[in-house]
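One letter stands for each residue in the lines below.
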Amino acid sequence: MGHSLAQKLLQAHTGETVDEPGQIVRCGVDLVLANDITAPLAIDSMERMGAKRVFDPERVVLVCDHFTPNKDIASAEQVKLVRDFAARTGISHYYEGGVCGVEHALLPEQGLVGPWDLVVGADSHTCTYGGLGAFATGLGSTDIAAAMVLGETWFKVPPSILVRLSGEPSRFIGGKDVVLNLIGRIGVDGALYKALEFSGPGLAALDAEARMTAANMAIEAGGKAGLFPADEVTFAYLRNAGRADATPLAADADAEYESSLDIDLGRLEPQVACPHLPDNVRPVREVEDVKLDQVVIGSCTNGRISDLRQAAEILKDHTVAPGLRLIILPATPRIYHMALEEGLLEIFSRAGAVIGPPTCGPCLGGHMGILAGGERCLATTNRNFKGRMGSLESEVYLSGPAVAAASAVAGRISHPGRI
Amino acid sequence: MHYTGKAHRVGDHIDTDAIIPARYLVSTDPNELGQYCMAGMSPDWISRVTSGDILVAGANFGCGSSREHAPLALLGAGIPLVIARSFARIFYRNGFNMGLVLMEVGDRADILRDGDRIQADAEEGIIRNLTTEQEIRVRPLPDFMRRILESGGLVPYVRKRLESAA
Ligand code: SF4
Numbered sequence: 001m002g003h004s005l006a007q008k009l010l011q012a013h014t015g016e017t018v019d020e021p022g023q024i025v026r027c028g029v030d031l032v033l034a035n036d037i038t039a040p041l042a043i044d045s046m047e048r049m050g051a052k053r054v055f056d057p058e059r060v061v062l063v064c065d066h067f068t069p070n071k072d073i074a075s076a077e078q079v080k081l082v083r084d085f086a087a088r089t090g091i092s093h094y095y096e097g098g099v100c101g102v103e104h105a106l107l108p109e110q111g112l113v114g115p116w117d118l119v120v121g122a123d124s125h126t127c128t129y130g131g132l133g134a135f136a137t138g139l140g141s142t143d144i145a146a147a148m149v150l151g152e153t154w155f156k157v158p159p160s161i162l163v164r165l166s167g168e169p170s171r172f173i174g175g176k177d178v179v180l181n182l183i184g185r186i187g188v189d190g191a192l193y194k195a196l197e198f199s200g201p202g203l204a205a206l207d208a209e210a211r212m213t214a215a216n217m218a219i220e221a222g223g224k225a226g227l228f229p230a231d232e233v234t235f236a237y238l239r240n241a242g243r244a245d246a247t248p249l250a251a252d253a254d255a256e257y258e259s260s261l262d263i264d265l266g267r268l269e270p271q272v273a274c275p276h277l278p279d280n281v282r283p284v285r286e287v288e289d290v291k292l293d294q295v296v297i298g299s300c301t302n303g304r305i306s307d308l309r310q311a312a313e314i315l316k317d318h319t320v321a322p323g324l325r326l327i328i329l330p331a332t333p334r335i336y337h338m339a340l341e342e343g344l345l346e347i348f349s350r351a352g353a354v355i356g357p358p359t360c361g362p363c364l365g366g367h368m369g370i371l372a373g374g375e376r377c378l379a380t381t382n383r384n385f386k387g388r389m390g391s392l393e394s395e396v397y398l399s400g401p402a403v404a405a406a407s408a409v410a411g412r413i414s415h416p417g418r419i
Numbered sequence: 001m002h003y004t005g006k007a008h009r010v011g012d013h014i015d016t017d018a019i020i021p022a023r024y025l026v027s028t029d030p031n032e033l034g035q036y037c038m039a040g041m042s043p044d045w046i047s048r049v050t051s052g053d054i055l056v057a058g059a060n061f062g063c064g065s066s067r068e069h070a071p072l073a074l075l076g077a078g079i080p081l082v083i084a085r086s087f088a089r090i091f092y093r094n095g096f097n098m099g100l101v102l103m104e105v106g107d108r109a110d111i112l113r114d115g116d117r118i119q120a121d122a123e124e125g126i127i128r129n130l131t132t133e134q135e136i137r138v139r140p141l142p143d144f145m146r147r148i149l150e151s152g153g154l155v156p157y158v159r160k161r162l163e164s165a166a
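As you go down the protein sequences, you meet chains A and B in turn.
First residue of the first sequence: 1, per the numbering used here; consecutive thereafter.
First residue of the second sequence: 1, per the numbering used here; consecutive thereafter.
Worth flagging that the hints you see were computed from the coordinates, not collected in a lab.
The beta-carbon is built from N, C-alpha and C at its ideal position, and this holds for glycine as well.
Mixed in with the good hints there might be a few duds.
To be verified - Derived Cβ-Cβ restraints for the label pairs, each shown as a range: (1) A:Asp231 x B:Leu25: 46 to 52 Å; (2) A:Leu81 x B:Glu135: 35 to 41 Å; (3) B:Leu25 x A:Asp189: 33 to 39 Å; (4) A:Gly387 x B:Asp110: 37 to 43 Å; (5) B:Leu25 x A:Leu81: 19 to 25 Å; (6) A:Gly266 x B:Asp143: 49 to 55 Å; (7) B:Thr28 x A:Lys71: 25 to 31 Å; (8) A:Gly387 x B:Gly152: 35 to 41 Å; (9) A:Lys291 x B:Asp114: 51 to 57 Å; (10) B:Ile111 x A:Gly22: 45 to 51 Å; (11) B:Asp114 x A:Leu364: 58 to 64 Å; (12) A:Lys71 x B:Ile111: 54 to 60 Å; (13) B:Ser27 x A:Gly22: 48 to 54 Å; (14) B:Pro156 x A:Gly22: 56 to 62 Å.
As the list claims (entries may be wrong) - No more than 27 Å apart at the CA atoms, straight line, and that leaves these computed lysine-lysine pairs for DSSO-like: (15) B:Lys160 x A:Lys156; (16) A:Lys52 x B:Lys6; (17) A:Lys316 x A:Lys291.
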């Protein structure tokens, strides 16, 4: 029997023979990630293990992105703990301050993740790197501590769901619309413990950033991983990140899938997830006229340069609706520079947006854009759970950057074609 | 990794709040947590359990929060092994990482009834219902998983590996 992408990637990291879902295999890992919230817990577990060293200081990455710039004493203390640990163990991939960005946007652009890699992170959106053909998934702090020390972990081989993409997407359709449509159809537990594998001729229409956006939200369907093949599109992105990957990754033609479904990109309309679950998805036309208090463009889902370009295209020569706050957070310092050089920041500033630093910030209700009771926000982030961005009485809608920018101008949820 | 004990059956979707209610999370001591094992389902459930007994569950056992207290509570109650139709993802990882043996058997869980005497060999993947003389076979436990379990979980396993390497 042929191998799915998930089976192929796990097979490439284990000495055992991978033959069916449910099997437990021990795998070597290429990279271990933790952030300012989860690293302190992993460091604590490492201490209980009696470990003083990490398996390879070049293969452990610590990103203090959630509350950066540190919002209070507690977050500053956490970052200090992580910083001291990085210094003590010789970890060079340690990010805070002016070199720090949202982890899942930062690692790919630094060339730290790529196809055929196996990456584990103490963060549920570690699955983002599947967009580049890496098997990447989130684990708990004890698991991450063990992986940091041993450079290995264990996995139960997941069954896979095949998502076949076809058609040519229209102008406003991106990776977010693909994945929201998918989650809306299979539900927040539709891929529980499973791998979502994207395939088909429609892949050609999705650039590497769009693929990472789609893989990012695999966890919102309960998935263990969201996987894309690695092709010329992937390699072109990675060359920019300073990597010379060239080994294609594709599933075997006779791989077995637990189920499959089709998405015709040509017929896809911009999608919006309504409160309070990411699977409460509607085409934008059905939710137009929902009045908004805030729009956030940023995060590990849609804070990359292609997202900012799309937003700028719509915001150019327009202004934000009176009474609405538009907050734009380029996801990394490099993206910030590019937006500056390309004149995007000027467009945002003239439109009346608040431009913030690279940070997770409001995405998890941390800081820099918290919602009051009764307020409504449309965000390009990935979770709209009750209270995710502030008050339990607030509401969060999710969309791609085109709908977000158009809605900021209109003051209410709006199809980008209207602006 | 041989176990013999009485089966205690529970249903589908037993969540971590049923296994150990949040109000008891003030401790991480398995013995203390063990006294309240399954208190969220039935407060006196634990009084029927003898050390070494085996829990047999339905689908999605351990769903809910990622608390590592849930497998610890089961271990503290003297239950070394849970056999289930299926396990929730995080519980599955946490269980092994805390040293609790888990065997996933699908529909065949139905041949194990409440009160049956059960014998299990996790290493070989064999479960025998001594009361009805039926047998279930699953994939044997890989060697490295056996070592994690024998060490008492992931933390002592890593500690032991580091000590033997030093
Ligand atoms: S941007 Fe949001 S989802 Fe992404 S890592 Fe930060 S908090 Fe998590």
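Worksheet entry | Indices of hints not satisfied (ascending) | 2, 3, 10, 11, 13, 14, 16
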